[in-house]
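Engineer: Take a look at the letters that make up each chain.
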Amino acid sequence: MLTFEYPQYLFLLLLVPLYFVLKRFLKLKGGELTFSFNSASCQIVRKGRGFINILTVVLDCAGFSIIVLLMLVLAGPVMSTRKTVYLEKGIDIMIVLDESPTMSARDFPPVNRFETARDVINRFISNRLNDAIGLVTFAKDAVLRVPPTTDHEFLREKLKNLRIMDLGNGTAIGMGIAIAVLHLNTESDTNKVIILLTDGQNNAGEILPRKAADIARKMKIKIYTIGVGTEGDIPYVLLNPETKTEMKGVISDSFDEDLLEDLAEATNGVYFHASNSSVLQTGFRAIDSFETIEKHTKVVTQTKSIHKELLMAVFIIGLLYLFLRKGVLAELV
Amino acid sequence: MIVMDPGMFRLMIGNLFVILVSIWNYYHWKKYLIRIGGHWRRHTLENVHVFKWFFSLILALIFFTSIVLALADIHWGKKPVRDDRVNVDIAIAFDVSQSMLADDVYPSRLARSMEVAGRVINELQGYRFSFTVFKGSAVTIVPMTDDKNHIRSFIPHLYPSMLSSRGSNLETALTRAYESFDANINRKKILLLFSDGESLDGTPVKAAKQALVNNVPVFTIAAGTSGGSTIRLSDGSLVQNEAGNAVKTKANIPLLKKISSITGGVFTDSTKVYAIEAMLDKLKSEAEYEKQTGVLFVSVPRYRLFVLIAFVSVLVLITIRKIRWKDAY
Numbered sequence: 001m002l003t004f005e006y007p008q009y010l011f012l013l014l015l016v017p018l019y020f021v022l023k024r025f026l027k028l029k030g031g032e033l034t035f036s037f038n039s040a041s042c043q044i045v046r047k048g049r050g051f052i053n054i055l056t057v058v059l060d061c062a063g064f065s066i067i068v069l070l071m072l073v074l075a076g077p078v079m080s081t082r083k084t085v086y087l088e089k090g091i092d093i094m095i096v097l098d099e100s101p102t103m104s105a106r107d108f109p110p111v112n113r114f115e116t117a118r119d120v121i122n123r124f125i126s127n128r129l130n131d132a133i134g135l136v137t138f139a140k141d142a143v144l145r146v147p148p149t150t151d152h153e154f155l156r157e158k159l160k161n162l163r164i165m166d167l168g169n170g171t172a173i174g175m176g177i178a179i180a181v182l183h184l185n186t187e188s189d190t191n192k193v194i195i196l197l198t199d200g201q202n203n204a205g206e207i208l209p210r211k212a213a214d215i216a217r218k219m220k221i222k223i224y225t226i227g228v229g230t231e232g233d234i235p236y237v238l239l240n241p242e243t244k245t246e247m248k249g250v251i252s253d254s255f256d257e258d259l260l261e262d263l264a265e266a267t268n269g270v271y272f273h274a275s276n277s278s279v280l281q282t283g284f285r286a287i288d289s290f291e292t293i294e295k296h297t298k299v300v301t302q303t304k305s306i307h308k309e310l311l312m313a314v315f316i317i318g319l320l321y322l323f324l325r326k327g328v329l330a331e332l333v
Numbered sequence: 001m002i003v004m005d006p007g008m009f010r011l012m013i014g015n016l017f018v019i020l021v022s023i024w025n026y027y028h029w030k031k032y033l034i035r036i037g038g039h040w041r042r043h044t045l046e047n048v049h050v051f052k053w054f055f056s057l058i059l060a061l062i063f064f065t066s067i068v069l070a071l072a073d074i075h076w077g078k079k080p081v082r083d084d085r086v087n088v089d090i091a092i093a094f095d096v097s098q099s100m101l102a103d104d105v106y107p108s109r110l111a112r113s114m115e116v117a118g119r120v121i122n123e124l125q126g127y128r129f130s131f132t133v134f135k136g137s138a139v140t141i142v143p144m145t146d147d148k149n150h151i152r153s154f155i156p157h158l159y160p161s162m163l164s165s166r167g168s169n170l171e172t173a174l175t176r177a178y179e180s181f182d183a184n185i186n187r188k189k190i191l192l193l194f195s196d197g198e199s200l201d202g203t204p205v206k207a208a209k210q211a212l213v214n215n216v217p218v219f220t221i222a223a224g225t226s227g228g229s230t231i232r233l234s235d236g237s238l239v240q241n242e243a244g245n246a247v248k249t250k251a252n253i254p255l256l257k258k259i260s261s262i263t264g265g266v267f268t269d270s271t272k273v274y275a276i277e278a279m280l281d282k283l284k285s286e287a288e289y290e291k292q293t294g295v296l297f298v299s300v301p302r303y304r305l306f307v308l309i310a311f312v313s314v315l316v317l318i319t320i321r322k323i324r325w326k327d328a329y
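So the sequence lines, in the order shown, correspond to chains A and L.
FYI, the working numbering numbers position 50 of the first sequence as 50, with every residue one higher than the one before it.
FYI, the working numbering numbers position 110 of the second sequence as 110, with every residue one higher than the one before it.
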């Protein structure tokens with residue numbers, strides 16, 4: 001929206017009609033020589049020379065537009081947009097995502113469990129604008145991919161680049177939780193939450209999941225656990241990132257439901273069983289609603305001055321005006 | 001006084017065009033006015049003509065010069081504006097170019113900067129940080145976060161080989177580090193630049209001016225000396241140029257001082273302990289200061305003054321056109 005920082009200068013526009021009045025008035029007093037003179041033939045140019053007449057009108061308009069544009073620039077033209085900003089960041093959320101080979105099981109159409117989880121997490125991030133969200137992934141090992149940050153573009157980029165089996169073959173749930181706890185141990189006194197998403201049983205890592213959850217509980221970190229997958233034999237296909245060979249097979253193991261329930265219960269969290277993509281999404285929506293806090297916002301008006309564009313137009317029109325008036329028409333001052 | 005867009009001064013060439021066209025017009029009419037008016041009124045005609053022509057030319061030059069000065073976006077002075085931002089976000093831009101291996105400060109520019117960066121992160125409580133490393137290109141390795149453990153884990157591994165690009169570009173570094181700020185949260189923003197000031201590409205001052213417009217002070221922490229030294233690699237060998245001579249690098253202290261001065265930041269020599277303490281105190285007081293006063297001093301653009309001059313010159317130009325030829329005819 002176009003607004004003006006100093007709208008009082010727009011009153012100068014009232015000078016425009018005054019200018020026309022004065023122009024007419026002074027003209028009658030002989031302020032200008034009112035005939036055209038052909039300097040080459042040394043003869044007065046007769047009326048009816050269409051090109052010169054049109055050019056004169058165009059130049060009058062150009063001169064007029066220079067004056068009006070300068071008045072507008074004096075009024076400080078800005079394009080303003082309204083934006084809601086948060087007065088403080090919200091809660092700290094750490095997503096702990098399983099990237100073991102079993103996450104490539106194809107019981108979550110259209111692709112697999114991992115892609116569905118990635119999609120749901122992306123949507124979840126979109127709803128938590130002022131929350132600091134981090135990402136830990138685990139398989140045989142666990143690593144921090146993104147520390148809790150409100151830079152969600154950075155987070156999305158890292159999430160997009162995740163590949164199944166980058167961290168080997170295994171499921172180190174305890175390590176994943178421990179790393180999440182370590183990086184949630186910040187100076188801020190905001191609520192802290194871990195969302196654990198896995199489809200397997202803990203079979204790797206030096207730290208047991210219950211021990212990690214115990215540390216989380218002591219630090220008042222809540223753990224929401226989501227078990228992903230369906231019962232039975234599920235086919236899987238994945239590309240081994242090391243050997244670049246395609247691996248195929250059938251998964252019959254499921255996650256340890258009791259463990260996930262315990263982890264959630266010990267930390268005042270909630271356990272969800274996501275047997276398909278819509279249930280997984282519902283789980284994230286539920287967490288979204290559980291972790292709703294009062295958000296203090298204010299609307300700020302951001303402005304971008306457009307005076308440079310207008311001034312550049314004045315400069316160009318001014319030069320053309322001068323060239324055409326004094327050069328082409330050879331006007332006498 | 002800061003000229004935000006000095007490139008616009010190139011438009012001053014337009015004045016030359018104005019002068020040439022006006023001179024041509026003057027001599028053109030000088031001849032024909034006599035033909036129209038006759039020799040017996042020659043002096044009267046010439047007097048009016050010279051008067052009108054000369055002042056028209058001067059006013060046209062004033063007009064175009066004022067427009068160019070307005071386009072150059074000159075700032076001077078500061079004005080207070082209300083500021084309700086609380087807490088501070090700090091974006092660190094850290095130079096990992098090869099010149100940072102120079103050992104004109106002990107143990108090396110890089111090691112000294114790493115030590116100071118570590119202190120900044122440890123001592124500033126409640127601040128959020130992002131960490132951007134740069135050479136010819138810049139990469140944000142840690143987004144804006146209050147997870148200091150994560151940043152601390154990166155610092156010992158800072159080394160030129162962590163980026164494949166060559167050279168050093170402070171403009172890119174400042175721009176990329178600025179992008180790591182969160183625009184959706186109302187916090188005070190400060191940029192910390194750890195560098196020896198050697199910038200082989202880009203226009204760092206341009207990025208500093210943009211930081212000024214965005215009210216982001218840039219604190220520069222200089223590593224290295226103006227005397228400079230050779231660059232010793234981790235295997236003990238010296239970096240050599242194509243002729244086989246050892247390359248000597250000098251810290252560009254004036255550039256770093258200029259960047260901090262433009263943006264209202266602080267320049268710090270990383271070799272001086274008291275200077276580092278003063279910088280830390282200043283950083284700590286930034287958050288407190290804002291809480292106490294709620295006032296921010298911003299630079300004032302003065303383009304409207306030049307536009308006003310241009311506007312008045314146009315009005316006078318119109319008036320000159322109306323000066324009567326009546327006495328001559």
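Any given hint might turn out to be false.
As the list claims (entries may be wrong) - Straight-line Cα separation of at most 20 angstroms, EDC-like style, residue types lysine to aspartate or glutamate; simulated pairs:
| hint | chain 1 | residue 1 | chain 2 | residue 2 |
| --- | --- | --- | --- | --- |
| 1 | A | K295 | L | D5 |
| 2 | A | K83 | A | E157 |
| 3 | L | K284 | L | D5 |
| 4 | A | K158 | L | E179 |
| 5 | A | K304 | L | E123 |
| 6 | L | K78 | A | E231 |
| 7 | L | K284 | L | E123 |
| 8 | A | K298 | L | E123 |
| 9 | L | K284 | A | E88 |
| 10 | A | K304 | L | D5 |
| 11 | A | K158 | A | D119 |
| 12 | A | K160 | A | D189 |
| 13 | A | K83 | L | D84 |
| 14 | A | K220 | A | E157 |
Rather than coming from a laboratory, the hints here were simulated on the basis of the structure.
Engineer: Any hints this thing doesn't respect? Which numbers, in order?
Structural biologist: Violated: hints 1, 2, 3, 5, 6, 8, 12, 14.
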